[in-house]
Amino acid sequence: MNHESNIAAEVAQGYIHPQAIVEGAKIGEATRVWAFAHVMPGAFIGKGCNIGEGCFVEADTHIGDHVTLKNGVAVWTGVSIEDYAFIGPHTVFTNDLYPRAWIKPPRFQRTRVGLGVTVGANATIICGITLGPFSMVGGGSVVTTHTRPLELVAGNPAEHLGWVCVCGQRLKKQESCGSCGAEVLWKDGAEPSIDENSSATWPSTSRPGVRRPGE
Amino acid sequence: MNHESNIAAEVAQGYIHPQAIVEGAKIGEATRVWAFAHVMPGAFIGKGCNIGEGCFVEADTHIGDHVTLKNGVAVWTGVSIEDYAFIGPHTVFTNDLYPRAWIKPPRFQRTRVGLGVTVGANATIICGITLGPFSMVGGGSVVTTHTRPLELVAGNPAEHLGWVCVCGQRLKKQESCGSCGAEVLWKDGAEPSIDENSSATWPSTSRPGVRRPGE
Amino acid sequence: MNHESNIAAEVAQGYIHPQAIVEGAKIGEATRVWAFAHVMPGAFIGKGCNIGEGCFVEADTHIGDHVTLKNGVAVWTGVSIEDYAFIGPHTVFTNDLYPRAWIKPPRFQRTRVGLGVTVGANATIICGITLGPFSMVGGGSVVTTHTRPLELVAGNPAEHLGWVCVCGQRLKKQESCGSCGAEVLWKDGAEPSIDENSSATWPSTSRPGVRRPGE
Chain A
0 MNHESNIAAE VAQGYIHPQA IVEGAKIGEA TRVWAFAHVM PGAFIGKGCN IGEGCFVEAD
60 THIGDHVTLK NGVAVWTGVS IEDYAFIGPH TVFTNDLYPR AWIKPPRFQR TRVGLGVTVG
120 ANATIICGIT LGPFSMVGGG SVVTTHTRPL ELVAGNPAEH LGWVCVCGQR LKKQESCGSC
180 GAEVLWKDGA EPSIDENSSA TWPSTSRPGV RRPGE
Chain B
0 MNHESNIAAE VAQGYIHPQA IVEGAKIGEA TRVWAFAHVM PGAFIGKGCN IGEGCFVEAD
60 THIGDHVTLK NGVAVWTGVS IEDYAFIGPH TVFTNDLYPR AWIKPPRFQR TRVGLGVTVG
120 ANATIICGIT LGPFSMVGGG SVVTTHTRPL ELVAGNPAEH LGWVCVCGQR LKKQESCGSC
180 GAEVLWKDGA EPSIDENSSA TWPSTSRPGV RRPGE
Chain C
0 MNHESNIAAE VAQGYIHPQA IVEGAKIGEA TRVWAFAHVM PGAFIGKGCN IGEGCFVEAD
60 THIGDHVTLK NGVAVWTGVS IEDYAFIGPH TVFTNDLYPR AWIKPPRFQR TRVGLGVTVG
120 ANATIICGIT LGPFSMVGGG SVVTTHTRPL ELVAGNPAEH LGWVCVCGQR LKKQESCGSC
180 GAEVLWKDGA EPSIDENSSA TWPSTSRPGV RRPGE
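Chains A, B and C supply the protein sequences, listed in that same order.
Heads up, the first sequence is in numbering that gives the first Met the number 0, so the first residue is 0 and it goes up one at a time.
Heads up, the second sequence is in numbering that gives the first Met the number 0, so the first residue is 0 and it goes up one at a time.
Heads up, the third sequence is in numbering that gives the first Met the number 0, so the first residue is 0 and it goes up one at a time.
Next up, chain A with everything else stripped away, as it sits in the complex (with noise of 0.2 Å):
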């Protein structure tokens, strides 16, 4: 069996990878799920994403278009991702602040992520919070609050380290983005607000399915 020959073609109507185990959910086109992933009956997930190897994606989880699961996500029940989020490798989600093992919560808490969010390796996101759209979190961090909109933190328990521009690369302040040069609005001189539609912040790229909003 080589099915690594037929991926270029397959890609366009998505793939599934003959070691992962999917159940009943609902996938949107071009979506593909590699091998010892296992996506439960009763999650979502939208079109274009990528959903890597050894994931595994609950009952009542909403993901949205071309998300990037990266390899051995956890993502339960209650946690929702939108569109254009990058999680990294390992990283972690949870549903319960004080699981018991004899104990079965009366509801889940509720993790949000926001459009475009960036969380990097390894991480622990504690539920009940939001991530702001394009906020990043800096890998091997556990997050227990809330992010801002471009923000970016880092550490255990996470802590505000700067802010990026929705291409992801750091902003300094007062000044627009030095990577992608989009204009940068800075709300109070310290908070930075950008056009998410620019053409500098969303770039063409070659790899298929990937859209800007709106298209």
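Just so you know, the hints here were simulated from the structure itself, not pulled from any lab data.
One should not assume that every hint holds.
One copy or two, it doesn't matter: identical chains are merged, so the pair holds either way.
As the list claims (entries may be wrong) - No more than 20 Å apart at the CA atoms, straight line, and that leaves these computed lysine to aspartate or glutamate pairs for EDC-like:
#, residue 1, residue 2
1, Lys103, Asp64
2, Lys103, Glu195
3, Lys171, Glu190
4, Lys25, Asp194
5, Lys25, Glu81
6, Lys172, Asp187
7, Lys46, Glu28
8, Lys171, Asp194
Following the hints, complete the assembly by docking chains B and C onto the known chain A.
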């Protein structure tokens, strides 16, 4: 193959996912082992346990009854886990303080997880310690020292944050549990003690196979 | 199927677990690849290595001889690991400092793990750094900068904790190794240097396929 459809009936006598690997280990009744998990020969797992997807349980480990290992937990030789413990997803145990690839240690360090302990998601447990009964480790923590009964610790390295009830909720000093109502004896005005068998702390549950100690 | 029964005989010429996926990579003699591991085309793995369960080794990686990857290690494009390194379970490498789901970086960052390095369990290695020969990273650490030879670091972010011998044990300043007896030259009274080929530091071992440098 629709293995999900028969799970309810199978739980009574346990379930081993067809994509799990179980090699001659002793596994108690009503214990479930999920996909891509691997239980090695010489491991001992009690009854009513839930061994999550992708877990690895090595030889010369002892796991009690009604223990939950969430997905991707690594349990190495020398680790013992007592009844009713909850080990969060992707938690990693260890058994060698100063490993080198070319040195086989003369013996492995031992780590003991007490009755009813909770370990949060993606924690790292440095070997040679004991986690006291019903203590709780925050998600993403790196635990390097013993925990006391009912103690709540978190961080890297994990430090004392407070106390939790047997039921899992935070305790306020000098008060009974605000959640389950368990009476708390505050020794020396600082360290809590709770009757572990009170009905308040071991609530009834609809989960099959879960019983209080003594039943 | 009892694949365990024949492992002793198979180790001499290597072993690939039937539930591993190995796709055309170059793998040296006497290297073992365990269940649910995946080695991509274009990876290079030397001889006498142990590639643990659930590991992922991407294209354009280079792994030397006698390297141990414990379970669940993710090695991405751009990572090289020299001989005799020990990478603890669930350690995650990275290769993009500021990833976004819709941006393919023009090149990936490179990370180099030196001869005989130890990386503890569940560590996160931020890309673009070099871990010096025989340095040691504590479990659960997030490593953001280079390590010096024989340096011991830990924490998030990882910081200098002290020094270790080639044999892995802690060194006391101005002393020889109290464990293996290796002579230590303390440069400037502060930074240790050890003859890496001394018999003290590369002990004989019964493990098959393990040899000292030069043999």
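Cross-check of the supplied hints:
no. : hint            : in the structure
1   : Lys103 - Asp64  : between (31 Å within a copy, 17 Å between copies)
2   : Lys103 - Glu195 : between (41 Å within a copy, 18 Å between copies)
3   : Lys171 - Glu190 : within (11 Å within a copy, 37 Å between copies)
4   : Lys25 - Asp194  : neither (32 Å within a copy, 47 Å between copies)
5   : Lys25 - Glu81   : within (16 Å within a copy, 39 Å between copies)
6   : Lys172 - Asp187 : within (11 Å within a copy, 42 Å between copies)
7   : Lys46 - Glu28   : within (5 Å within a copy, 42 Å between copies)
8   : Lys171 - Asp194 : within (17 Å within a copy, 46 Å between copies)
Violated hints amount to a single one, hint 4; each of the other numbered hints is respected by the structure.
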